[in-house]
Structures are given as structure tokens and as C-alpha cells.
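Visitor: This is what each chain is made of:
Protein chains: 2
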Amino acid sequence: MNETLNALLAPKSIAVVGASNDFSRIGGMLLKYLLKFGYRGKIYPVNPKYEDIDGIKCYSSIGNLPERIDTALIALAAKLVPDSLRECAQRGIKTAIVYSAGFAETGGEGRRKQEELREIIRQGEMKVCGPNCIGIVNFTEDIAMSFSGFLEADRLVSGNVGFVSESGALGGSIVNRAQDRNIGFSYFISTGNEADLDLTDFMAFLIDDPNTQVIMAYVEGIRDTRKFAKVAKRALELGKPIVVLKVGETEGGKRVAATHTGSLAGSDAVYSAVFKQYGVIRVEEYDDLIETAMLFSKSKLPKGNRVGILTGTGGGAIILADKIAKNGLGLPALSQFTREQLSQKVESFATVGNPMDLTGQLYSQPEMFKGVIQLFSQDENIDVVAVAISMVPGERARARAHYIIDAAKTVDKPFVSWWAAGNLSESAFGLLDESKVSLFKSPERCIKAVKSAVTYSQARERFLLKDKEPPPPPIDSDKADTIFSTSEQTMTEHEAKLLLALYGIPITREEVATSATQAAQIAEKIGYPVALKVNSPQITHKSEAGGIRLNLTSKSALIKAYPELLANCQKYAPKAKIEGVLVQEMAKEGVEVIIGVSRDPQFGLVLMFGLGGIFVEILRDVSMRLVPITRRDAEEMVREIKGYQILTGARGKPRADIEAIIDLLLKVSNLASDWGDSISELDLNPVVVFEDGQGAKVLDALCVKRSN
Amino acid sequence: MNETLNALLAPKSIAVVGASNDFSRIGGMLLKYLLKFGYRGKIYPVNPKYEDIDGIKCYSSIGNLPERIDTALIALAAKLVPDSLRECAQRGIKTAIVYSAGFAETGGEGRRKQEELREIIRQGEMKVCGPNCIGIVNFTEDIAMSFSGFLEADRLVSGNVGFVSESGALGGSIVNRAQDRNIGFSYFISTGNEADLDLTDFMAFLIDDPNTQVIMAYVEGIRDTRKFAKVAKRALELGKPIVVLKVGETEGGKRVAATHTGSLAGSDAVYSAVFKQYGVIRVEEYDDLIETAMLFSKSKLPKGNRVGILTGTGGGAIILADKIAKNGLGLPALSQFTREQLSQKVESFATVGNPMDLTGQLYSQPEMFKGVIQLFSQDENIDVVAVAISMVPGERARARAHYIIDAAKTVDKPFVSWWAAGNLSESAFGLLDESKVSLFKSPERCIKAVKSAVTYSQARERFLLKDKEPPPPPIDSDKADTIFSTSEQTMTEHEAKLLLALYGIPITREEVATSATQAAQIAEKIGYPVALKVNSPQITHKSEAGGIRLNLTSKSALIKAYPELLANCQKYAPKAKIEGVLVQEMAKEGVEVIIGVSRDPQFGLVLMFGLGGIFVEILRDVSMRLVPITRRDAEEMVREIKGYQILTGARGKPRADIEAIIDLLLKVSNLASDWGDSISELDLNPVVVFEDGQGAKVLDALCVKRSN
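For the record, the sequence lines run as chains Y and B.
Note that our numbering numbers the first sequence so that position 254 is 254, with each residue one more than the last.
Add 1000 to a position in the second sequence, counting from 1, and you land on the number used in our numbering.
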């Protein structure tokens, strides 16, 4: 496929179908920008109305083109697009960009028209970008196949950032903003309605493109999430960070997105979980996208999370220190060596430390900064150098910028600088933007970008170090098959637990009894106290039905409880099939957690973990990952919930067996992975986790099979 | 005091003490900027070295000045400052700005020198700004008494924003940024070390200044918090919003702030609570400060929280809708009337609604925007008009800006616009910056600013509507006096509860017994079941001591428990004075909450509310206000905790008696307010809240008196 994509993204010859000599129309603008930026291949305008446009020979139809060109840029009214694509196919043209609007984004009829395009593309074995897109710009080779307003700029800044956008208008805006800051691109790709090629296809291309080192994406929804996961994994392997702005994070935003793109919108929380799982950096805000990509584009990855702050303003140091703390980064002490060296430089007016505040003294001794930053940035305790600069205007600003840039050349660490002042420092901004130092106007975004770099660096390290995890032990799949084939759509608790047990998941000792006498025999074997629970696929709310009796401490209590329980259930659900009563051990106390598997419409099976009670029900404090997970994923799932302290032994309680939870998560992931197609929902609720070293046990389980 | 402050902030005559003919030195720059911006009063340089500077006669000392000038700008080495201030005092000069560094910010010796200044100022009955400050600029009268780099700009943009900053460097930077955006100031005041005049003094001045409508402040710490609360209240009364960037929000940031300013740093959470209580808008980020002040400066307050989004980009609509949802603002449907009118304008290509997305069609019909925005912004359902614009360059950008500006003139609502593109749209940015429309480059900041405006508008509405709350009923202060005078430093539970009861706070029925027999008599009166609790000022951890027995259901159980409990306590704390045993009713079940009063080093008595258990202990989910509170404060305290749902009846439980909690909070506030000087800590923990209508009851209470 990459050869075809190459023809699309770096064509040697281009037809502009619907070319116009009116440069305010799309067909005119495409020509104008191709010429403006000096496209070096062959251009064939196609329009029966003209002999030539601006001296370039014009062809009456695609069929009449003198050669089999690489790609066709189609800027026709929607109703003319299908025939035009058919002609391309007949002429052996394999790729096209369709700019025309009036397809799926307009709803009903448009959706039908887009289906027609898709069919033509499929039959012609073509690869097409669009429709309803703003096109593609290849910055490395100056090929502007777009009519985005950012092409009004004088030049294209080429560089190592590849950008795929599901919005043409915002995409163009982002490029404009980035180019203002001298951030260079390899490609800008606006995917439009994604009738054929989608976001992930283009990301896959960029990941293997030698000119692209960072992938930036504006995302409204991902169509093929398995493909996405694969691409993200490959990017992590190659060390090419993917920075994503995913919109539609709230229900309100999702509704707007749904009417806008007509795309399926999966749960945003699942998107976040998936991004985390595959090392994709999700940024919070519009401007973070550009500035995070800038940092990745300019700097090597930080070796750790320790930031050194150098400043001439105490206020600047406080703000950066606040943001560092909030983002969980480190503000280490300087090494003895650096402290001694710095003390000699700064005399009495400043205290040597981190933050290193050179105070208003910089005002009368601006050149002092030069020596200090050289020393400071070499400190072995510092992984990232952050410089805060405030109201320094004109020449002094330029000098300050040069000091920073020079220091950044001497050490192999990311340099970021937050400049608090405005346009009076502008000449310095330009110098920094042309250098390896990442300039930020906002202290919050500065430190957020550093945090992203640290997060990515850790994700990549984990990926490279990851142990070959042993394959899960084989299970008795005949037994599992039997459970699936003999159970009803909702399995009974006991069936669900037998299934769990096949995967080595610890469950309560229990057996089903069909009489009070048998129940007593089982209880004898298990040992009192026991619980009785109605065993019926139709009664899922057992407590509500009066179908549970806990803590029965003697045979007599059990014999008395048994018929009462049955009577309750028969009254509650007269038609329910009652398959006896489950006699179950009463597990000792511990921390209650919940492990669940559910099916996201977008991503498929999602594994969920949370603490019981209010943590899940009121605080929605859960962590999620796609099935299957790795051990590291399981560890992170446990650690990232807000109530994690409960597990480590808050409020005078002992530490819970966290290792047992991790083990359980992995086993549930194995189960879900094996039986994914047959399961719609699996809930282990509650799972009681005992003191460290004493394991965990599933007290109740619900498994709903998928209806076919 | 305002007359003196007027002499400082709008002086008719100025002495520059330490004036220099070297315009790169502070004493030179002060002269340079006074002249540059055309100071219309009299300038007297003071320096024995010169006859004149730039043709202005120079005086050898303050004593030799020909008149009693309004204010002295002192730019001398630190060691010369005390004498200089003494001379001012002798000459009857009442105000001064001290720029010199080398005082409290350098620690030990500097702190002593600053104390010396303070004493001179006090004796001279002067009002002084600084030391270690960057000065004051009066924009309305073009008086630049500062050497901040922002004065390198060609002009001072005057306007209605008064700005007080506890950082000179960041303060100047912020002014530079704001002036780039055409945001006009009345005053910029850098407070420096605040040896005399502090942040709050200047805020008080600005609030009564007719040229100032919005107060903006950069805050590291507030020295006199009672004064601040008073000033904030007055600002709310006059409808002048205070927008604050308070730094040192984390422990890390606070540590840096402490070394930087040497100032007391109270709990940041208390700062937030106080700001909320007095209608002060606290912004999250550096750039929010300017942009929030801009919105207040340009627009009337919104009448409600309903935002209408008008856009040409679907992506822009999604992002704004996301932020609106996240900030709890409304995205209402358009009125029938507007919908009908708009339908006629936009034909089939766009769906009429909110967000109103005019799609790529704007590309070929840009003038359509004009009519649509006129109609859209008049919709009665919309309180704030938000426009998103993306990659629109050059002339088209200017036209778009004009359409928005024209529409904003016809309706009395705040207009905000988020412009996604970069410098190619720059000419439009200038137009918007000069208009009443607030321009944002970041969608997040745009909606955050709208949220701040809505929050302020609500706070002010509440303030204006606030009922004259009835004065708290008189209490028997003799009885309270007796409790305070007879109790030890830590009151017994029973003493604390008797105190609560004096304020009408419902406590458990209980009495102290000194023998098992007496205990049984009391229990008979109260009714079984009862609890026994050791009554000793020395045993505050009663459970740990084995000093509590709950749920005693009979006389025999009580008679048995009594001596056991005493034995436990004697073993646990052999020296403790045991004043009998408290016999207490067992209250029925409910939701457990905690109400506490503690003493913040900065703000004094703080009232705290939270849910019991993990909510306070693990999640730190508490709300706070300064004592005394209003009924509205109490309502907000209950509503703003994250676990509020627990009270309204989550998880199948009935709604709790929220009115009873509000009543309790008010009564505890009254108690704390009456006995504030005598109390160091008061904890009602737990308070059990019954079903709606059934009240609440304090189960246990701890009161620690203040040591003198």
C-alpha cells in the first residue's frame, strides 16, 4: 500500500480536475498554490471550458490526459464526482483527493452518495483522500495540494512533524500557528469524510516516513481501532511520538461531533485508556497540540523527570514550581559540585539552589546569566532545563536568548523556556523559535509539555524493556465450552464462577444444593458460617429478591433459612427457573474491589478496575484498558485509581494484596481474550482482597453472553 | 488615607532621589520614562553629583527642595534609604516609592533593615510603596514612576483595569502582554516587599477610583486578611470584579514563595475558600489573568449561563461545546423565532441549531455570516455569544471581524471569539482587540473566562438579593463562660457538647455517671440501648483507650461494662483524671458528616465541612469558609463537596436532611464567632444526619481551647 500512498502524497504528476482560471475558486486555488510553491512535477488542468489556464495546457477530460498521472485532485460539484472517479479508474489512475463537500456530512442522501464513491474506489482499486477535505501538503517536496488559507503564507517551513487532521479548517489553522513558530512539517493531511483512507492509514504512512519523527493528530473519532492500536504500537517501537488532540470529550461535545461527522463516538474515557495503553500522548488543550509536538520535534527525550528552574524572577520560579508539583515532576537539589561553582559566580545577592533565582541583580549584570546557565544546565541531577524570563525588552532580550541557545548546544537535555513578557521581547522569540530551545508563552503549557515528554519517555522505556511475558497456561477449553453451551444468556453465579476457576481465578468454596438436607451436608464440608444464595439465571438481583442469606452459623439456622429463601424468590419472580441454592463459604474480611469486562461500541472489550462502594458508584473512580493487557498495564490500572491509598493501607488498615489483584486482572484479561466473541459483560463484584500475601477471592460474579 | 494615597498615585510634583544622567541606571530610567510619557507635574531630580540632568535643575538633597513635593521616588543603594526617608519625613513629604533591593527579600540582616524603614515610616506618618518594587504607573494621567521594561513601548494604553502585583518582573510582563492586546489600565502598582502599604491597601484605593472598573491582582500572599475580606466585600457591593492569580498553590510552590518573599503562606485551599466566599475570581493560569480581566473590562455581566456558538468549523463547535459542558455552562436550543429566521438564510447546506455551524459554505458565501450573526445573537435564549473562527486569512478575516463587531454593537450581551488561526489573520485580531468583542486564541481560556463572568455575575446577584439574615438568638453567655473557665485545655466530650447545646445545636441525650448504679439510672431515663464513654480531658482517643462501649442493650450488660471500661482506661493512661463515664443514647442510623473549626495561621478561624470516612480522610473532600458565614455560604459548603450525591440519596438511600446541616453550620459559625479568641479547634465528628425532615445530631465533639 505504501507505494500507492506515495503516489498520493508525493506525486510526480498531478491532474487538477475542475481547474479554474478564477483563483478565488477551489479549482483555481489548487493550481495557484501548486505553482506558487514551485511544484516540480507535471500539472494537467482538466476542464472542457478552457484551452489553457495561465499558459498551462488544459485537457477536456481525464480520459484525454496524455499520460497515466499519479494523482487526481478533484474539485467538482458533488454530483460530478462519481463519474470523475470512474474515469480515473478507467485511466489507471490509482489515487485522488476529493475536496468536494455534499457527502456523508450532510446526512441521508449524502451518506448514500458517499457509499457510491466507496464502491467506485473499491472496484477501481484506488486509494482516495476525502471527500469534504482541504487536501494534502507535502512540505519536504513543496507540493501544496490544498486550498487551505495557511497557503497564503510566503513559505512552507518543512520539518519532522507529520500532521493528520480530521478537521480541514482547524487543521489549516494549526499549521498556520505552528509555522508562525517556525515548527516544520513533513506532511499536512486533511482526511475529510474518510470514505476510503482514514486517519490511521495516514498515520501508518507517516510512521514509516523517514522525514517524519513526530506525529501530530487532530481526532474526532477513530474508525478502525484495532488498526489504530497496531499503528500506535509500531510508533512506540520506532520511538516516534504520537501527540493527539481528541475532541468530543464530554457528552455535549460528542453530540455535536456526531451531527458533524456522522461518526460513531465511543466512550471518551475508553479513548483515554487506549491512548495510555499504547503510549499515545493525549493533550488537554488546543494549543498544547502544537507546543507538545514542538518539544518532541526539537529535543531528545528527557532521561528522567527532574527539572531545573533558572530564573530572574521569584514569581516565575513559584509558578513553575507549582506546575512541576502539580504534574508530578521532580525539582531536585543541585549537586554539591554545581552549588560550589555557582556560589563563586553569584556572590551574596542570590541563594544558590533549584529554583535558581538570579533576582533583579540581572538588571545591572545581565551577562552573569551566561556563565550561570552553562554551569546550571550541566548539573547531573537535572534532566530538563526550564528557564523563566519576564519583562526583558529589546537588545537585552536577544542577549538572554543567545545565552540560553548557547547553553542548550553544550548539553544533551531538553531546554524549555517560559517567557512572560509580550511583544517588546519579540526579537528574542524569533531567535528561540529558530533554535533547539522550546519557547512557551504560558508556564502551564510549558510544564505540561515537559510532563508529556517524560510520560512518553517512560512509556518507551517500558516498551523496550518489557519482558517476554510467559503465555497464559492452557485451560480446559472443553469444560469452558460446556459452560457456554449449557448456560442461559445470563449465566448463574455458580456457572460464571466455574468459568473463572478454569482460568485459575480464586473463587469462594461453594456448591449447589437442591434440598435443605443437601445444603446442610455441603455446609458441613465447607465449614460454618456459610451463605445461601438462590441459583437462577433469571434472578440477577438476588438481594432484592430476598434470595441471599449471609452468615448462617449453624445447621439449624441453615435448615430454617433454606425454605424461606426459596419462598421469597418464588414470590419475587414466580416464573423464574430456580436451579437450587448455592451454599457458599463466608470469606474473611478485606478490601472490596470490582473487576469488570464490558463491550465498548468503538473499541470492543474493555477491562475495568475499581474499588467497591462509593468509589465506583459515586466517584466513578475506575481505570480501563483494552483486552488483552500486559502485566505493566495491570500494575498501572491498580495504581492510577484515586482511591489507591485504600489498598496500600490507609486509615490504620493493613496493606492489601496488590499482587493478587494484578494477577486477577491478567487472568480476567486472558478469559476475555479467549471468549471475547461470546461475552457481552462480565462482572466480578465484589472481589475481596486480603492482607498482603494472602490473596483475593471472587465473592460474586455475573457473566452475560453475547446475543448473536 | 485616600488623600495621601492620591498624592502617591497621582502626584503633582515628584522628586527623583538618586537621579542619574545615565539612562541605563534606575535613577536615570525613572527620569527618562517620566519625561517620555509627558509627566505634566514638576520634576525635581535629587543628586549632589549634578547641577542639572538633561537641562532639569538638580538638587543636592531632599532638604534643599524648593517646595514640599507630593512624592519621592527613591532609587538609592539600600544603606542610604533610611536617611533618605528620614529627610522626606522632616521635609513633610508624606509619600514615597522605594525601588531599592536588599531588604527583607535577602533574609536576616535585610529583614532588620526593613524593620528600620517601617519605624521611620510610622514615625513620619508616611505612606510608602516598596522597598524592592518596580514602581507605579498612572495610565490615566501618563505618570510613569517605574523602570519596568514595558515602558519601552511607544504609548501607554489607558483603560478601566487597575492592576496590583506582588511581583515587579511578572507585573511588568503582564502589562506588556495586556497592552499588546489593547487592554487599558488605570494603574499598575508593584507592591514589592510591602513594608508599609500592601496589596490590599492599593486594592482598596482602586475600588474607590472612578477610572477603575476591574481590579486585577498577582498575589503571593495576603498580609492582612481581615482587611482583604472587607475590601473584597466592598468591591462586590460596587460591582467591581477582582480577578486574582494566586501563586504558591502547591507545597512545592509555597516553599519557593516562602524563601522568595519571606511571607507567611497560609493554606492555599483556605485562600480559594475565602476568594469564593467574597466573590473574588481566582484564575488558574497565568494567561487567564489578562484574558479574564479583558472580558470584564469590555463587557457587561452576562444575564445567565447560556452560551450560543456560531462557527464555520465543525471542529471548533465540538471543542467549544466540550469546554461549555466541562465548565457547567449551558448550550440552549435556539428560540422558534430565531430558528425560522435562520432557516430562510442558510438553505440546505447547514443545520440550524446551537452550535450554529455555517460549514465550508462560508468559503464561497462569506457575506452570509453578517446576517446570520445579527439574527443569532439576538436570540432570547442566549446570554453570551461565542464565535469560533478558523483559517480565514487577510481581507476575509477583516470582513469577518467587522461582522462580529457590528453585531456586538446591536445587543447588550458579552461577545467572545476564539480565533484558531495564526498570524495570517492578524489584521482581524487588531480590529477585535480595539472593539468590545473579547478575542481569545485558546478555546479553553475563552470558555473559562465566560465561566468566570457567569460566576461573578451570580455572586453579585446573590450579594444584592441577600436577605437581611436575622441576628443569631442570644445565648446564655454566663453558662458558656463557666464551661470555658472550668474546663481544662481540652474540654471533655460532655463539656464540648453542653457548649454546642447552648447554641441550639442538637446533641445526643447524655449524662455523666460516677458509678455503675448511677449509670444504670441514667440509662433507664434515656432508654436502652446506650453507649458508655469515658469522660476525661486527658483521654481524647477514647476508642484506643478502650474507653467506649456501644450498643449496651440492658442493665446487666451496662453494669458489667462499666468497671471493664474504667479498668481499660486506667491501664491505658494511669495518670489521667477520669471524671466519670458518659452515658449516651445510641442515635439511629444516618449519613455521617464532619463539621470542624480550625485556626489558619493566615486567615484565622476556618469552618470546615465534609462527609465522614474516606471522603475526608482519603479524598480530602471538604469545603471551607471563614467564620462567620452567611446562610448562602452554608448552602454552598454543602453543595460543593464531591460526595454531595451521598446526601441527596444515592445508592438507594433516602435524601438526608440537608436543611439541618445548613442550620448546624450556621450555629457552629455563631459559636466560633462568639468564642473565636478562646478556641483553637472544634470538631463535631461524627454528626449523624437523618432522613429529610428528621434533623441531625452530634454524636461526638472535641473542643480545644486556645493557649494564651
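To be clear, the hints were calculated from the coordinates, so they are not data collected in a lab.
Model, not experiment: these values are computed from the prediction.
Careful: at least some of the hints might be erroneous.
[What the hints assert, rightly or not] 25 angstroms max Cα-Cα, derived DMTMM-like pairs, lysine to aspartate or glutamate:
no.: 1; chain 1: Y; residue 1: LYS32; chain 2: B; residue 2: GLU1426
no.: 2; chain 1: Y; residue 1: LYS326; chain 2: B; residue 2: ASP1621
no.: 3; chain 1: B; residue 1: LYS1032; chain 2: Y; residue 2: ASP700
no.: 4; chain 1: B; residue 1: LYS1079; chain 2: Y; residue 2: GLU592
no.: 5; chain 1: B; residue 1: LYS1300; chain 2: B; residue 2: GLU1380
no.: 6; chain 1: B; residue 1: LYS1326; chain 2: Y; residue 2: GLU251
no.: 7; chain 1: B; residue 1: LYS1642; chain 2: Y; residue 2: ASP700
no.: 8; chain 1: B; residue 1: LYS1326; chain 2: Y; residue 2: ASP621
no.: 9; chain 1: B; residue 1: LYS1653; chain 2: Y; residue 2: ASP700
no.: 10; chain 1: B; residue 1: LYS1032; chain 2: B; residue 2: GLU1051
no.: 11; chain 1: B; residue 1: LYS1326; chain 2: Y; residue 2: ASP600
no.: 12; chain 1: Y; residue 1: LYS653; chain 2: B; residue 2: GLU1380
no.: 13; chain 1: B; residue 1: LYS1326; chain 2: Y; residue 2: GLU617
[What the hints assert, rightly or not] Estimated spans, in silico, between C-beta atoms of each pair:
no.: 14; chain 1: Y; residue 1: GLN521; chain 2: B; residue 2: LEU1550; range: 37 to 43 angstroms
no.: 15; chain 1: Y; residue 1: ARG651; chain 2: B; residue 2: LYS1300; range: 47 to 53 angstroms
no.: 16; chain 1: Y; residue 1: ASN381; chain 2: B; residue 2: ARG1462; range: 46 to 52 angstroms
no.: 17; chain 1: Y; residue 1: GLU284; chain 2: B; residue 2: GLU1426; range: 25 to 31 angstroms
no.: 18; chain 1: B; residue 1: ASN1381; chain 2: Y; residue 2: GLN538; range: 36 to 42 angstroms
no.: 19; chain 1: B; residue 1: LYS1300; chain 2: Y; residue 2: ASN381; range: 17 to 23 angstroms
no.: 20; chain 1: Y; residue 1: LEU464; chain 2: B; residue 2: ASP1022; range: 38 to 44 angstroms
Note that the Cβ used here is the ideal one computed from N, Cα and C, for glycine as well.
Visitor: Decide, hint by hint, whether the structure agrees.
Guide: Going through the hints against the structure:
1. At most 25 angstroms may separate the alpha-carbon atoms for a hinted pair to count; LYS32(Y) and GLU1426(B) meet this at roughly 23 angstroms.
2. Our distance criterion of 25 angstroms between C-alpha atoms is met by LYS326(Y) and ASP1621(B), whose separation comes to about 18 angstroms.
3. Straight-line distance between C-alpha atoms of LYS1032(B) and ASP700(Y) comes to about 80 angstroms, which puts the hinted pair past the 25 angstroms bound.
4. Our distance criterion of 25 angstroms between C-alpha atoms is broken by LYS1079(B) and GLU592(Y), whose separation comes to about 67 angstroms.
5. With a CA separation close to 16 angstroms, the supplied pair LYS1300(B) and GLU1380(B) stays within the 25 angstroms bound.
6. With a CA separation close to 10 angstroms, the supplied pair LYS1326(B) and GLU251(Y) stays within the 25 angstroms bound.
7. Proposed proximity of LYS1642(B) and ASP700(Y) is contradicted: the alpha carbons are some 29 angstroms apart, above 25 angstroms.
8. The straight-line distance between the Cα atoms of LYS1326(B) and ASP621(Y) is roughly 18 angstroms, inside the 25 angstroms bound, and the hint therefore holds.
9. For the hint linking LYS1653(B) to ASP700(Y), the alpha-carbon distance of about 23 angstroms falls within 25 angstroms, and the restraint holds.
10. The hinted pair formed by LYS1032(B) and GLU1051(B) meets the criterion: a straight-line CA distance of about 17 angstroms does not exceed 25 angstroms.
11. The hinted pair formed by LYS1326(B) and ASP600(Y) meets the criterion: a straight-line CA distance of about 23 angstroms does not exceed 25 angstroms.
12. Restraint check for LYS653(Y) and GLU1380(B): not satisfied, since their Cα atoms lie roughly 57 angstroms apart, outside the 25 angstroms limit.
13. Among the hinted pairs, LYS1326(B) with GLU617(Y) is consistent with the structure: their alpha-carbon atoms are about 20 angstroms apart, no more than 25 angstroms.
14. Taking 37 to 43 angstroms as the suggested C-beta distance range, the pair GLN521(Y) and LEU1550(B) conforms, at roughly 38 angstroms.
15. Between ARG651(Y) and LYS1300(B) the beta carbon distance is about 50 angstroms. The supplied range of 47 to 53 angstroms therefore holds.
16. For ASN381(Y) paired with ARG1462(B), a C-beta distance near 51 angstroms keeps the hint of 46 to 52 angstroms intact.
17. The hint said 25 to 31 angstroms for the Cβ distance between GLU284(Y) and GLU1426(B), and at roughly 26 angstroms that hint holds.
18. Take ASN1381(B) and GLN538(Y): their Cβ atoms lie about 48 angstroms apart, and the range 36 to 42 angstroms is violated.
19. At about 53 angstroms, the beta-carbon gap between LYS1300(B) and ASN381(Y) misses the expected band of 17 to 23 angstroms.
20. A hinted range of 38 to 44 angstroms is violated for the C-beta pair LEU464(Y) and ASP1022(B), which are about 59 angstroms apart.
Checked against the numbered hints above, the structure violates hints 3, 4, 7, 12, 18, 19, 20; every other hint is satisfied.
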